[in-house]
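Produce the entire structure from the sequences given, and follow the hints as far as they go.
Residue numbers (the working numbering), protein chains in the order written: chain A, 73 to 480; chain B, 155 to 273; chain C, 430 to 740.
Watch out, some of these pointers could steer you wrong.
Calculated cross-link-like contacts (lysine-lysine; reagent style PhoX-like; alpha-carbon spacing at most 20 Å) [unchecked claim]:
(1) B:217 / B:227
(2) B:156 / C:719
(3) B:227 / A:206
Everything labelled a hint here was simulated from the structure, so no lab data went into it.
As a plain string of letters, each chain reads:
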Amino acid sequence: MSKEITIPIGPQHPSLKEPGCFTITLDGEKVVKAVVGVGYNHRGLEKACEARTYIQDLYIIERVCGICSHTHSTAFCQAVEELAGVVIPRRAAYIRVIMAELERLHSHLLWLGIAGHEIGFDTLLMYSWRDREKVLDLLAMLGGNRVNYGINTPGGVRRDLEPQMAEDIKTVLDYIEEQNKYYIHLALSEATLAARLGGIGYLSRDDAIKYGSVGPVSRASGIPDDVRVIDQYAAYDDIPFDAITDDHCDVFGRAVVRVLEIMESIKIIRYALDNMPDSELVAKMPRRIPEGEVISRTEAPRGEDIHYIRANGTDKPDRVHVRAPSEANWHAMAHMLEGDYLADVPIIIAAIDPCYSCTDRAIVLQDSDSGKEKIWDWQGLRQYSIDFYKKRGFDASQIKVAEKKIII
Amino acid sequence: MKRKPGVITGYAMKHLFKKPATIKYPYDKLKIEPNYRGKLKYDADDCIGCNLCVRDCPTGAIKIINVGTKEDKKFECHLDLGHCIFCAQCVDSCRKGCLAFTQDIELAVMDRKNFKVKL
Amino acid sequence: MLMALFHILIFPGLLFLGVYGLIMAYLDRKIYARLQNRQGPPWFQPLADFLKLLGKETIVPELANKKAFPFLPVLALAAVTTAYLYIPLWSMSSLYPFEGDLIVILYLLTLPTLCFFLGGWYSGSVYAVLGSVRVITQLFSYEVPLFMALLTPALLANTWSLSGITQYYAAHPLYILINIPAFIVAVIACQGKLERVPFDLPEAETELAGGTFVEYGGRLYAIFKMAIDCELVVVASLIAAVFLPFYTGNPWADFGLYIVKTIVILFIFALFRTIMARIRIEQMVAFCWKYLVPLALIQLIVNLLLKGVLA
Numbered sequence: 073m074s075k076e077i078t079i080p081i082g083p084q085h086p087s088l089k090e091p092g093c094f095t096i097t098l099d100g101e102k103v104v105k106a107v108v109g110v111g112y113n114h115r116g117l118e119k120a121c122e123a124r125t126y127i128q129d130l131y132i133i134e135r136v137c138g139i140c141s142h143t144h145s146t147a148f149c150q151a152v153e154e155l156a157g158v159v160i161p162r163r164a165a166y167i168r169v170i171m172a173e174l175e176r177l178h179s180h181l182l183w184l185g186i187a188g189h190e191i192g193f194d195t196l197l198m199y200s201w202r203d204r205e206k207v208l209d210l211l212a213m214l215g216g217n218r219v220n221y222g223i224n225t226p227g228g229v230r231r232d233l234e235p236q237m238a239e240d241i242k243t244v245l246d247y248i249e250e251q252n253k254y255y256i257h258l259a260l261s262e263a264t265l266a267a268r269l270g271g272i273g274y275l276s277r278d279d280a281i282k283y284g285s286v287g288p289v290s291r292a293s294g295i296p297d298d299v300r301v302i303d304q305y306a307a308y309d310d311i312p313f314d315a316i317t318d319d320h321c322d323v324f325g326r327a328v329v330r331v332l333e334i335m336e337s338i339k340i341i342r343y344a345l346d347n348m349p350d351s352e353l354v355a356k357m358p359r360r361i362p363e364g365e366v367i368s369r370t371e372a373p374r375g376e377d378i379h380y381i382r383a384n385g386t387d388k389p390d391r392v393h394v395r396a397p398s399e400a401n402w403h404a405m406a407h408m409l410e411g412d413y414l415a416d417v418p419i420i421i422a423a424i425d426p427c428y429s430c431t432d433r434a435i436v437l438q439d440s441d442s443g444k445e446k447i448w449d450w451q452g453l454r455q456y457s458i459d460f461y462k463k464r465g466f467d468a469s470q471i472k473v474a475e476k477k478i479i480i
Numbered sequence: 155m156k157r158k159p160g161v162i163t164g165y166a167m168k169h170l171f172k173k174p175a176t177i178k179y180p181y182d183k184l185k186i187e188p189n190y191r192g193k194l195k196y197d198a199d200d201c202i203g204c205n206l207c208v209r210d211c212p213t214g215a216i217k218i219i220n221v222g223t224k225e226d227k228k229f230e231c232h233l234d235l236g237h238c239i240f241c242a243q244c245v246d247s248c249r250k251g252c253l254a255f256t257q258d259i260e261l262a263v264m265d266r267k268n269f270k271v272k273l
Numbered sequence: 430m431l432m433a434l435f436h437i438l439i440f441p442g443l444l445f446l447g448v449y450g451l452i453m454a455y456l457d458r459k460i461y462a463r464l465q466n467r468q469g470p471p472w473f474q475p476l477a478d479f480l481k482l483l484g485k486e487t488i489v490p491e492l493a494n495k496k497a498f499p500f501l502p503v504l505a506l507a508a509v510t511t512a513y514l515y516i517p518l519w520s521m522s523s524l525y526p527f528e529g530d531l532i533v534i535l536y537l538l539t540l541p542t543l544c545f546f547l548g549g550w551y552s553g554s555v556y557a558v559l560g561s562v563r564v565i566t567q568l569f570s571y572e573v574p575l576f577m578a579l580l581t582p583a584l585l586a587n588t589w590s591l592s593g594i595t596q597y598y599a600a601h602p603l604y605i606l607i608n609i610p611a612f613i614v615a616v617i618a619c620q621g622k623l624e625r626v627p628f629d630l631p632e633a634e635t636e637l638a639g640g641t642f643v644e645y646g647g648r649l650y651a652i653f654k655m656a657i658d659c660e661l662v663v664v665a666s667l668i669a670a671v672f673l674p675f676y677t678g679n680p681w682a683d684f685g686l687y688i689v690k691t692i693v694i695l696f697i698f699a700l701f702r703t704i705m706a707r708i709r710i711e712q713m714v715a716f717c718w719k720y721l722v723p724l725a726l727i728q729l730i731v732n733l734l735l736k737g738v739l740a
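Structure, rendered in structure tokens:
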């Protein structure tokens, strides 16, 4: 006898750090069907960008993602610079690279910890986050904040990298390198880690192409898809480095790609610090950006990050669109989950390093009968929720809602 | 490589004799970098009331108000700490160097009215 | 009669066990934290957690079995406390020894596990049900090696009484060395019994959001937590009594020795929790039957042969 049960992972669940809903159908402990539901966190960022000037937008764009804030602002600044026809000074490009790689270091160390936590290995979480803290301190020293560094500005960077800072960075890099070597040794020799990570969440090379995976997920399937190599930006064309790929195609492979990328990032930062040219920090930027549209790509720690801007000649953009890397990786999720155990679900989800609110852009409601698109206004949504709860025996219509004026 | 469980044992045991990496926060203070962006500082003497900071502020947290007369201008800066995101764009925008950030980051208050401060 | 009541309720019964359980929970968390290079909680943290939970509202879910749901935590705590009375603590003999009390202790220690299972099963939540299925699956894999590991020393001592075993090994301290494989098996199997990493599958926070206990809250959860803390003490005392029978003869010194022994065993438990990842249920079953059971069987054969030689 086999009885299938359906278990919801999310929207509120300890293994998910942000809301997302995975409806898992189980046969015993095996996943037979998985439905991925995202879209709980739509923040209206793109619309908000249209109402503000380019300089103000920068700080909204920086807050698209908490972990890859620098990548998003770099992509945005690159787009604006290209529209205005400005070339940033070389030193600014190098500082952008150093920040981006430090960000990659902290993001991958964060991932390593999360992966440890998801498989119940909290010791790894504590160690890798302790090391990540040192990188965050570096970022705070360079940018002025631990998370939203605010170092980018259209036309260059806002702060210089002093010689003393370069020394501090090098000291921390030595420490991280040594630690990371230990983590690589651990990943390769610890039996429980290998037992939990190996062979799960399999995504073959063909499937990775079919579902359009990006970043470490596709690189772990053997596709050398790295924007830093295939569409070089900032100062990456000057710096020698290798794109890491792996052919495990599973969660273990994704872990390997990330720990090896940490080593590669350390190499890049060292090279950039030693070969940084002296120049201005900011190029002159006009406040009004000439008409046109542009796409800009950067390599976030999670994969390819795409920004699209359409300018209309004023100081405010006409349209801003952000495609965060997690969005591209969601499509393969159901495929990766099916056939594995329930115990593997959290780590498979975590293996793409998901960023839920980066993903959520807009929701189009389709009528389930006619298939037509439907737009709901605020009152309509409120009425729907009142009816929804009335059916469940709770009358919410008397609750007073502050009719706050919404800033566009 | 031969795999066995508990590889981390020796490494973990070392930490028994080490100082913890974490601190007891309210008693031990965090290390704040000298260019950390905290609460703003305003110097009214040089301010010409160009309002560039107000124009560039992404959240509309800062306000420059003329409390003097039209001829004898005297400016005051009002900041809503609840709205401020500490991006320090106003510091960059100010041509006269009237604005600067401090390393004051412990800004929690019990009443949200107290967020509105005059700098 | 009055003395018996004192033993059951105050010392070494409920009150002492509860307090020692909280101290052990604190030490466990502190050692775990220090191994991970953290500060760890202050000394009163487990007590504060316990008192806070006691002050919370008790909610019985609509789908839960109204009678069994609140009753099970109490049963679990009662079973653990009863088991504690039959373990020799500061002398070679327990308070109420009788022939066969080892079997009774093992039975009483299985009861909390069954309570976890039933508690999850009756609470009507899909997470809890999955957790309770895991509790039972796990029970079938660690129970056999655990029983064999604890019964083989009894075989050599030729008695089914825990006090008898302790006395036998206290008289022949060298024979303890023979039981080292059984000791290893018992310690690993107890990680499963106590539902700690790497065998904490029933509560697996990241998959099942707390598993069997997901619907428990307030006072009932406090009692369950207390039962788990007490179980830790009881299991550590049991292992200390069977495998570490060192006594001086002075009751006060022996009591101090008992504390040291349990803390050493707790340290081993905490270390186990630190150094491994949680394994999957099918890996757990395979591990227990592939490695632990054969090891326990070898121990059994060795002890049988030795018994023949000695006789």
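Worksheet item: Tell me, which hint numbers fail for this structure?
Response: 3
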